[in-house]
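Novice: Every number in my numbering is 1223 more than the matching position in the sequence shown, counting from 1.
Quick caveat, the hints were computed from the structure, so don't treat them as lab data.
Note that this is a predicted model, so its numbers are computed, not measured.
Just to be clear, a hint being listed does not mean it is correct.
Simulated restraints on C-beta separations [said to hold, decoys possible]: (1) 1316 <-> 1338: 30 to 38 Å; (2) 1329 <-> 1253: 33 to 41 Å; (3) 1328 <-> 1256: 32 to 40 Å; (4) 1328 <-> 1284: 26 to 34 Å; (5) 1283 <-> 1303: 13 to 21 Å; (6) 1296 <-> 1245: 31 to 39 Å; (7) 1250 <-> 1271: 28 to 36 Å; (8) 1291 <-> 1246: 16 to 24 Å; (9) 1256 <-> 1294: 17 to 25 Å; (10) 1293 <-> 1245: 17 to 25 Å; (11) 1338 <-> 1258: 37 to 45 Å.
Listed below are the simulated DSSO-like cross-link pairs for lysine-lysine, each with C-alpha atoms no more than 30 Å apart in a straight line [claimed, not checked]: (12) 1339 <-> 1327; (13) 1265 <-> 1252; (14) 1265 <-> 1339; (15) 1283 <-> 1295; (16) 1298 <-> 1347; (17) 1295 <-> 1347.
Yeah, the Cβ is synthetic: ideal placement off N, Cα and C, and Gly gets one too.
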Amino acid sequence: MRKTLIAAALFIANSAAAHELTPTYPEFKQSYVDNVLVTQLKLWNRRQDVEYYEIDVYDKNWFNIKFASANKVIKVGYLEHQVIDIYIRETDLDNVEYICTTSKQLKQDVQSTGVKSMICSRVK
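Build out the structure end to end from the sequences listed, making use of the hints.
Specialist: Laid out in structure tokens, this is it:
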């Protein structure tokens, strides 16, 4: 019982820091290209140990869906914001379920914890 209380106190005392992705439920709109839709997301980095994030688009079964963006891996400094435009084909709209960002650590920067965070916005 004592070990459980100590473990619980440690978890409560340490806050988990991750990145944020908004809006939670993005909407696609017609882009300047025919048959191509676009949505805009905002990524905020709250992790001091991570500067790079990978963007992915998934269907309901977590299979990748092709998309376009200025960069698939973006650099976002600690406490900085980055606006991301995601482009998909209009024919893929019914299949898109999630847009996710995953933290990426450089091999030389990995600390003993090496925690990877993945944050998703749900399209539907």
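Novice: Next step is simple, just say for each hint if it's right about the structure.
Specialist: Status of the hints after comparison with the structure:
About 33 Å separates the C-beta atoms of residue 1316 and residue 1338, a value consistent with the hinted range of 30 to 38 Å. Separated by about 38 Å at the C-beta atoms, residue 1329 and residue 1253 satisfy the suggested range of 33 to 41 Å. The hinted range of 32 to 40 Å is satisfied by residue 1328 and residue 1256, whose Cβ atoms lie roughly 35 Å apart. Separation of residue 1328 from residue 1284 is about 28 Å and conforms to the stated range, judged on CB atoms against 26 to 34 Å.
For residue 1283 paired with residue 1303, a C-beta distance near 32 Å fails the hint of 13 to 21 Å. Our hint of 31 to 39 Å for residue 1296 and residue 1245 is violated, since their Cβ atoms are close to 20 Å apart. A hinted range of 28 to 36 Å for the beta carbons of residue 1250 and residue 1271 is consistent with their spacing of about 32 Å. Checked against the hint of 16 to 24 Å, the pair residue 1291 and residue 1246 passes, with Cβ atoms roughly 20 Å apart.
About 18 Å separates the C-beta atoms of residue 1256 and residue 1294, a value consistent with the hinted range of 17 to 25 Å. In this structure the hint that residue 1293 and residue 1245 lie 17 to 25 Å apart at CB holds, the actual value being about 18 Å. Taken as a hint, the range 37 to 45 Å holds for the pair residue 1338 and residue 1258, whose Cβ atoms sit roughly 40 Å apart. For the hint linking residue 1339 to residue 1327, the alpha-carbon distance of about 7 Å falls within 30 Å, and the restraint holds.
Restraint check for residue 1265 and residue 1252: satisfied, since their Cα atoms lie roughly 16 Å apart, inside the 30 Å limit. The straight-line distance between the Cα atoms of residue 1265 and residue 1339 is roughly 19 Å, inside the 30 Å bound, and the hint therefore holds. Pair hint residue 1283 plus residue 1295 holds up; C-alpha atoms about 21 Å apart against a cutoff of 30 Å. Note on residue 1298 and residue 1347: the hinted pairing holds, with a Cα-Cα distance of about 27 Å set against a maximum of 30 Å.
Distance restraint check for residue 1295 and residue 1347: the Cα-Cα separation of roughly 22 Å lies within the 30 Å cut-off, and the hinted pair is therefore satisfied.
Taken one by one, the earlier hints fail for this structure at numbers 5 and 6, listed in ascending order.
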